[in-house]
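Dock chain one against chain two, each of which comes alone in its own frame, and use the hints as you go.
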Amino acid sequence: MGSGWHRFIDDLRDSGGQLASEELKGLVAGAKGDSDEFIRRQGEKLELYLDQLARGTITKAQFEGYVLDIRDLTEMQSLKMSVSARARAQNFAKGITALVINGLLTLI
Amino acid sequence: MKRFHSLATIYLLSLLYLAGCTSVLWSPPSYDSATYKSLTDMKPEVVVLYKTFADEDLKLEKIEAVRLRLAQIYEYEKGKGEGGIETIRQIEIIQRMFERDVKDRMENGRWNEVHLANQRQNITEAFDIAIRTERLKWSPE
Numbered sequence: 624m625g626s627g628w629h630r631f632i633d634d635l636r637d638s639g640g641q642l643a644s645e646e647l648k649g650l651v652a653g654a655k656g657d658s659d660e661f662i663r664r665q666g667e668k669l670e671l672y673l674d675q676l677a678r679g680t681i682t683k684a685q686f687e688g689y690v691l692d693i694r695d696l697t698e699m700q701s702l703k704m705s706v707s708a709r710a711r712a713q714n715f716a717k718g719i720t721a722l723v724i725n726g727l728l729t730l731i
Numbered sequence: 002m003k004r005f006h007s008l009a010t011i012y013l014l015s016l017l018y019l020a021g022c023t024s025v026l027w028s029p030p031s032y033d034s035a036t037y038k039s040l041t042d043m044k045p046e047v048v049v050l051y052k053t054f055a056d057e058d059l060k061l062e063k064i065e066a067v068r069l070r071l072a073q074i075y076e077y078e079k080g081k082g083e084g085g086i087e088t089i090r091q092i093e094i095i096q097r098m099f100e101r102d103v104k105d106r107m108e109n110g111r112w113n114e115v116h117l118a119n120q121r122q123n124i125t126e127a128f129d130i131a132i133r134t135e136r137l138k139w140s141p142e
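Which chain is which? The protein sequence lines are A and B, in order.
Just so you know, we're using our numbering here: the first sequence kicks off at 624 and counts up by one.
Just so you know, we're using our numbering here: the second sequence kicks off at 2 and counts up by one.
No lab work stands behind these hints, which were simulated from the structure alone.
Everything numeric in this text was worked out from a predicted model, so none of it was measured.
Incorrect hints may appear among the rest.
[To be verified] Pairs of lysine-lysine, DSS-like flavour, derived with a Cα cap of 30 Å:
hint	chain 1	residue 1	chain 2	residue 2
1	B	K79	A	K717
2	B	K104	B	K79
3	B	K60	B	K104
4	B	K44	A	K683
5	B	K52	B	K63
6	A	K655	A	K683
7	B	K63	B	K79
8	B	K38	B	K63
9	B	K44	A	K717
10	B	K104	A	K683
11	B	K44	B	K63
12	B	K81	B	K52
13	B	K52	B	K104
14	A	K655	B	K44
15	A	K717	B	K81
16	B	K104	B	K44
17	B	K79	B	K60
18	B	K44	B	K79
19	B	K63	B	K81
20	A	K683	B	K63
21	A	K683	B	K52
22	B	K38	B	K52
23	B	K81	B	K38
24	B	K38	A	K683
25	B	K104	B	K38
26	A	K648	A	K683
27	B	K44	B	K60
This is chain B alone, in the form it adopts within the complex (with noise of 0.2 Å):
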């Protein structure tokens, strides 16, 4: 019985000391009201923007303004430190994507019915994880 609650009590102290050096090892991720509400309000300014690729004229002032508040969304992020560096990623990873799509819609013209929905998907995917994974700082799976 007496080595039973040895064996215990240095199991609980080692649990412990794994809990605290958990929260020593990796800074506690932080949800961010602001970030959850840039994120979910870009998504759909960037699929309506995307449905204007699929017209005969690029509109270039919204490609402009959709950049603009992709940058300000990664600026807010990195002033944030290193606490929200999956977002900045993340973010990083969004702007490469549209670069590579507003690319695609000034080289090769507009977008036919099947390449809109397939880049649509693409994005709007890319947001729905950047959404999660805000979400996840505040309520974890």
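For reference, chain A alone in the conformation it holds in the complex (with noise of 0.2 Å):
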């Protein structure tokens, strides 16, 4: 799938240097190969739209608004790792007072 929209980003006439093609490439090699699966999702997603709008299949305007949605998805899975990590420090907190403070201490 990744040739064709390589191609596509490679001949886009980029007289201003704004378009960082082989940073855009690894970034979604990199995402692809990530060990988390959320990430990897994403990375599978921004190449399929990438291949989809190389063949023209979607518009600009689509395009952006997937790339907008992964951004926003991102922002909600750093959310929910946010509330994980709590939860696991609170549950911690709570083995804590049951196995030590509760049972350790209560023995030695």
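Structure representation (structure tokens):
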């Protein structure tokens, strides 16, 4: 799937040097190879959208909307991770109370 | 041996201190079955609405109904205070995505198959993240 959009961005006339095409290719490749499932999925989607844009299946405005979606979803995922960290910390504190304070310390 | 006991005591006390700080600094995220139900009910409603975006006619009353439900969920979460700040932010993001999609449908006309599939995947994912976030409060990963 990659070669289609690779060629598409390589062929874009970029006289102002605004597009860092190699970095973009690297971003997609890096995300697709990430160990985190969420990041991997977003990388695959970004590649799909780039390919659809290159083939003319979607418009530039639609592509822009999908990219904003990826940004929004990533923000949501980050909020989820924050809850996960808080919940694990809370569980740890409960474990300390149950196992150490009410358990171990009553026996030694 | 005495030195080992002293170190072990310091370590244990540090651990207890940190655990104490944890609960003070971070208010515990509390699971709310009403939030979980609202989000799981809302997800298929929005997906069904998106399917109608491929039709010629725009179902304005259904868009308004979804808008109202999202606003109600948002107000409910906001009423809970700082403990549910992540869910409040997530609902704001879902509202933003929804409004962007509605604007797109209104300005650019009916969605084709590819566009519908892409849009549906992203809004579904947004609800899935919010639902999993709520579930995490009940059962941390």
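Hint check:
1. B:K79 to A:K717: It holds: about 27 Å lies between the C-alpha atoms, which stays within 30 Å.
2. B:K104 to B:K79: 26 Å, holds
3. B:K60 to B:K104: 13 Å, holds
4. B:K44 to A:K683: Holds, at about 27 Å.
5. B:K52 to B:K63: 12 Å, holds
6. A:K655 to A:K683: 23 Å, holds
7. B:K63 to B:K79: 24 Å, holds
8. B:K38 to B:K63: Judged against 30 Å, a Cα distance of about 20 Å means the pair holds.
9. B:K44 to A:K717: 33 Å, violated
10. B:K104 to A:K683: 16 Å, holds
11. B:K44 to B:K63: Distance ~14 Å between K44 of chain B and K63 of chain B Cα, so the pair holds.
12. B:K81 to B:K52: 33 Å, violated
13. B:K52 to B:K104: 15 Å, holds
14. A:K655 to B:K44: Holds - the C-alpha atoms of K44 of chain B and K655 of chain A are around 27 Å apart, at most 30 Å.
15. A:K717 to B:K81: 23 Å, holds
16. B:K104 to B:K44: Judged against 30 Å, a Cα distance of about 19 Å means the pair holds.
17. B:K79 to B:K60: 29 Å, holds
18. B:K44 to B:K79: Given that 30 Å is the threshold and the Cα spacing comes to 20 Å, the pair holds.
19. B:K63 to B:K81: 28 Å, holds
20. A:K683 to B:K63: 28 Å, holds
21. A:K683 to B:K52: Within the cut-off at roughly 22 Å; holds.
22. B:K38 to B:K52: 22 Å, holds
23. B:K81 to B:K38: 16 Å, holds
24. B:K38 to A:K683: 37 Å, violated
25. B:K104 to B:K38: 27 Å, holds
26. A:K648 to A:K683: 18 Å, holds
27. B:K44 to B:K60: 17 Å, holds
Taken one by one, the earlier hints fail for this structure at numbers 9, 12, 24, listed in ascending order.
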